[in-house]
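Protein chains: 2
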Amino acid sequence: MALIVQKYGGTSVGNVERLKNVAKKVADQKKSGDQLVVVLSAMSGQTDSLVKLAHEITKEPVEREMDMLLSTGERVTIALLAIALQDMGIKAVSLTGRQAGIVTDSMHTKARIKNIAKENIKKYLDDDYVVVVAGFQGIDEKSNVTTLGRGGSDTTGVALAVALKADMCEIYTDVDGVYTTDPNVESKARRIDRISYEEMLEMASLGAKVLQTRSVEFAAKYRMPVVVKSTFKEGPGTWVVAEEPSMEKVVVSSVPYDKNQAKLTVVGVPDKPGIASAILGEIAKEEINVDMIIQNVGIGGLTDFSLTVPRTESAKAAKILKGSAAKIGAKDVQVDENIGKVSIVGVGMRSHSGVAAKMFQLLADAGINIEMISTSEIRVSCVILKDDVDRAVRILHAGFGLES
Amino acid sequence: MALIVQKYGGTSVGNVERLKNVAKKVADQKKSGDQLVVVLSAMSGQTDSLVKLAHEITKEPVEREMDMLLSTGERVTIALLAIALQDMGIKAVSLTGRQAGIVTDSMHTKARIKNIAKENIKKYLDDDYVVVVAGFQGIDEKSNVTTLGRGGSDTTGVALAVALKADMCEIYTDVDGVYTTDPNVESKARRIDRISYEEMLEMASLGAKVLQTRSVEFAAKYRMPVVVKSTFKEGPGTWVVAEEPSMEKVVVSSVPYDKNQAKLTVVGVPDKPGIASAILGEIAKEEINVDMIIQNVGIGGLTDFSLTVPRTESAKAAKILKGSAAKIGAKDVQVDENIGKVSIVGVGMRSHSGVAAKMFQLLADAGINIEMISTSEIRVSCVILKDDVDRAVRILHAGFGLES
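Taken in sequence, the protein lines are chains Y and P. Position in the first sequence (first residue = 1) + 3 = the numbering used here. Position in the second sequence (first residue = 1) + 3 = the numbering used here.
The following block holds chain Y by itself, in its conformation from the complex:
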């Protein structure tokens, strides 16, 4: 008898018919004798409509109240799934984030799980219940409702799997696995059978929307096997697991890209020590996710300082940067939303040299200009013009032999 945590995304529970389909899958699995915890997202579109309601009132709603508002979506789906399961004769109970024991910090709208009091879930599992848990949410130590940010239900799923010492965490979504790149951009993209936590982490950070970054961090830290599968068709999916020797043979395993970034440049910054922290300090305080940072070589005592952030946060970041710029005597802050980022990822890079050089050459041959570069041990990312992104993805996918 295995203990399995399954997570179903918003499109998987997008209407009553689909909810019933999920109930049937869960019921079948339960009948095979496994213990099951099922984590659900809100119905697709639901979170957006709630955000829209709040924005009809004000552009900047209080984040504590946004969490109260947004946490309702998952409560609807868990109740409906529990109703559907019981209607099929399966013992089932729905639990909110709080009832499932999920305690987070108090950073509203992007809280992090601090610990999970698993007694309540355990009790229901011991009583042979399917436990249906609201993803994306928890409570902080003062009992305020918190949410974990977009995609947070993945993290709920993996964190519960870790806390309960589950045998695996299954992530059911509307695609049948993780691909070498977005099939909408490159039709020759292939499903990957097995991928390492480290590669998945890079891909998630780079905007591949299959798994929330934080969920992969959890899985990697505790070596929890995760499999990404389609809710709608049978298939092996993609296993996200610890690095295996065979993985190193593939130099580049995927080509993720991200068109939802913006570049902010602080122009005419006096070039002296402490400038970077003066500029970045305030941004960090607001928990804005800064991706790349570049400080140009100074000329005549002045320098430029560029950074990229998610486009949704560019207005907020620009506002903060203008404040910092004024303080340090910089001239201006420019916002460029016409950029995109293309990357190559692969654990094989550790043992192969010249991978980055090959990437730059492939892009140069295609006449694509690189504006910013960042690298990690298993990744190279380039900021380019947004209009060049699709073409760059296809060139790199072919250039690194991912079509075979």
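Each statement offered as a hint is correct.
A pair holds if it fits inside one copy or across any two, identical chains being indistinguishable in the list.
The calculated EDC-like cross-link candidates involving lysine to aspartate or glutamate, where the alpha carbons are at most 16 Å apart (straight line), are: (1) Lys-23 / Glu-59; (2) Lys-319 / Glu-66; (3) Lys-117 / Glu-144; (4) Lys-94 / Glu-66.
Please keep in mind that the hints were generated in silico from the structure rather than gathered at the bench. For clarity, every value in this text was computed on a predicted model and none was experimentally measured.
Please arrange chain P on chain Y, whose structure you already have, making use of the hints.
Leaving out everything else, chain P in the frame of chain Y:
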């Protein structure tokens, strides 16, 4: 400085514009220096759509899960109102039933409040917050989410007012007070200025939908002054207060009616001791709200036994009665949904005789047949044909001089 609990119903917060209107009213009141607790219902129609979703899955959803589902509606409105208030520069915080300390019994979908841990609300009030509380919901001692039944937000409002020792509880709704009868049936109906708890209790029990019965019980028990007002226009409203000498001068203060009842008759019941409890025991166990009960005089050792229940529960009640009927050897159970109930209510009845006789005469003169009768110290109710109800209301309203 007064401490006031205000409750706004579903139509008052039915869309963003109306929510903003409520926020403005609350902000104005707050600026006058009062401490405010605001209890909200879900947006009108929201609860019905959630019920519909559940019924698309099964006709008999598990009640614990219905509570999980239905409790989401109020969380949406409280978050939005707190957002709107803060946008106006008013300190505000939303609290769920749980966060407001509302503990109920475990009778899902019609739970009763057992106690209120008011520390959290008090703390926010002391910090000068407007505290916005989700009506209709609480948690039981095992921390399951519960709801208080239709109209339960009234009860949340009054119970909070009592627990916090508020100066008054204001119930804002879509009518400007309590009327002598339904103005849709009798255009000469008048708004009542002051009404006693006892009269209001009878009216609420009789299906006048202005206040939930339980809320009036709370108000009466703790002598909490309640005023029913319109959200949409200024006016004095109707005060629900302890009985005053002047009230006794009015023999009949209102003519409530109810078309949502059904009559169930167990036919051919062996006429021996213990029959009533055999028949009613099972019904009571299911918490079905039995209104009138009549046992006919037995003929030839057999008798008929009739009772009325809310029409929504007639199918469930009939099923139970058929079981009981089989056990005690009764012949059949008949369901009649073509009935209605018309009543007269007034504390003046205590000191005036012949009021019931006058009612029966007025109905008889109009050729309206009475099927069942029940009375209390300040009320007389008659079950009649549903088609006769409107006419009966007008006749009694005129006959007891309520038009003046």
